Amino acid sequence: MHRMYREFLAPGDEEVLEATGKWPDTDEGGARVLTWCEGGGESLVLSYDVLARSVRVRWSRGGEVLLDVFRESATRLSFTSGPSARQASVDFHMGACAGVLEVQVAPHFSVRDRLLFR
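Here the sequence shown is numbered in the numbering used here, starting from 251 and rising by one per residue.
FYI, nobody ran anything at the bench for these hints, they're computed from the structure.
Model, not experiment: these values are computed from the prediction.
The C-beta atom is built at its ideal place from N, Cα and C for all residues, glycine as well.
Hints may be right or wrong, so weigh each one.
Unchecked claim - FRET-style restraints, in silico, Cβ to Cβ:
hint, residue 1, residue 2, range
1, T276, D318, 19 to 27 angstroms
2, A356, E264, 16 to 24 angstroms
3, D275, R368, 14 to 22 angstroms
Construct the complete structure from the given sequences, taking the supplied hints into account.
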């Protein structure tokens, strides 16, 4: 069975800073990590590893995890920033499935995940 390798295209740290106002940290495994905090003890963490082609979104409130999504086979990470909203979008291609994970960080946290057969 022939598998086509797809590169994970992600913006450089300077582009991430320009789009989000945040410089990505690096975790012990080499993944880039962005953290946003809101009032009420809410936090949203987006981490991505270009070499492993993986993305993780972790949303918590007051120490309680509300959402924890880990996905491999990422192909593209992009950020959009405007006067009313700021978000990250991650495209995925996994065999017969393709999808997008949208993570909004402003004006409030929101996560939308779609994974469909192609």
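Hint check:
no. : hint                               : verdict
1   : T276 with D318: 19 to 27 angstroms : holds (20 angstroms)
2   : A356 with E264: 16 to 24 angstroms : holds (20 angstroms)
3   : D275 with R368: 14 to 22 angstroms : violated (34 angstroms)
Hint 3 alone, counting from the list given before, is not met by this structure.
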